[in-house]
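**Student:** Sequence:
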Amino acid sequence: MVFGRNTTIPVGGADTGANPGRPPVPTGASAPALAGRGLVKTYGTQRALDGVDIEIAPGEAVAVVGPSGSGKSTLLHVLAGILPADAGEVFAGGTRIDDASETARSELRRTRFGFVFQSGMLVAELTAEENAALPQLLGGLGRGAALATARDRLGRLGLAGKERHRPGELSGGEAQRVAIARALGHRPNVIFADEPTGALDSRTGGETMRALLDSAAGTGAAVVVVTHDRDLAASLPRTVTMRDGRIDGVRGSVAGVVS
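Under this note's numbering, think of the first position of the sequence shown as 12, with each following residue one higher.
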């Protein structure tokens with residue numbers, strides 16, 4: 012089972028209005044890249060998500076901010092299918108995905124979602140070009156073609172000449188650019204970035220974010236950034252603020268946000 016960029020996911024189904032009092036998620040050409048309806052996630056007695064509704068438009072860049080424990084990272088992980096919600100629904104391209112099997116959600120993350128984390132999470136034993144090529148190699152593309160594509164992406168991100176360096180031979184900013192190249196390798200619909208500049212100084216962090224946003228814009232991918240960095244958040248068109256598991260406010264265009 013392979014999910015291409017424009018493939019209908021063969022699990023779950025279209026929104027049938029199962030969440031009473033909430034508008035249905037659009038389908039077809041008007042469908043959001045990503046949407047959550049009534050999302051609830053509980054740890055013990057604490058609700059990390061308390062009925063969150065959110066939509067991300069295709070190609071949109073959104074920052075999710077809030078104090079520690081506000082639920083922002085949990086929201087990202089639920090939207091990405093990494094964590095199951097206790098209640099609510101998640102849609103990708105208008106198709107419900109939260110009720111898919113773990114195998115199907117794993118395939119979705121590999122083919123239609125991209126990820127950039129704070130530490131990069133590169134494979135230490137692999138070179139930069141091998142790390143960048145991983146999604147395509149796992150997808151069955153031949154090694155030669157996958158590495159050639161990875162080298163091109165790395166060059167576009169300013170890493171020409173670093174292709175055969177291992178993560179330990181790269182600076183923090185260079186390693187994050189390799190992670191960006193990896194995230195973009197299969198032309199995802201959505202890129203999830205969890206504190207992507209948290210381990211970088213302000214200048215390197217700014218350069219890294221510009222590289223991520225420019226690269227995503229070139230492929231039409233939406234970007235969801237969880238961050239504590241208020242300057243980074245202010246640089247994006249829309250900021251969603253979370254507090255106590257709920258959306259507490261929105262700055263910028265509210266198109267695609269359900270309140």
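Quick caveat, the hints were computed from the structure, so don't treat them as lab data.
Computed from a predicted structure; not experimentally measured.
Positions of the beta carbon are idealized from the N, C-alpha and C atoms, including for glycine.
Incorrect hints may appear among the rest.
Stated by the list, open to error - Distance windows between CB atoms, simulated:
| no. | residue 1 | residue 2 | range |
| --- | --- | --- | --- |
| 1 | 228 | 257 | 40 to 50 Å |
| 2 | 130 | 94 | 31 to 41 Å |
| 3 | 176 | 150 | 36 to 46 Å |
| 4 | 176 | 35 | 45 to 55 Å |
| 5 | 148 | 70 | 45 to 55 Å |
| 6 | 137 | 259 | 36 to 46 Å |
| 7 | 149 | 175 | 29 to 39 Å |
| 8 | 171 | 97 | 43 to 53 Å |
| 9 | 175 | 150 | 34 to 44 Å |
| 10 | 225 | 130 | 15 to 25 Å |
| 11 | 261 | 221 | 32 to 42 Å |
| 12 | 98 | 246 | 26 to 36 Å |
| 13 | 172 | 80 | 36 to 46 Å |
**Student:** Hint by hint, where does the structure go against what was stated? Just the numbers, ascending.
**Tutor:** Hints 1, 2, 3, 5, 7, 9 and 11 are the ones this structure does not satisfy, whereas the remaining hints hold.
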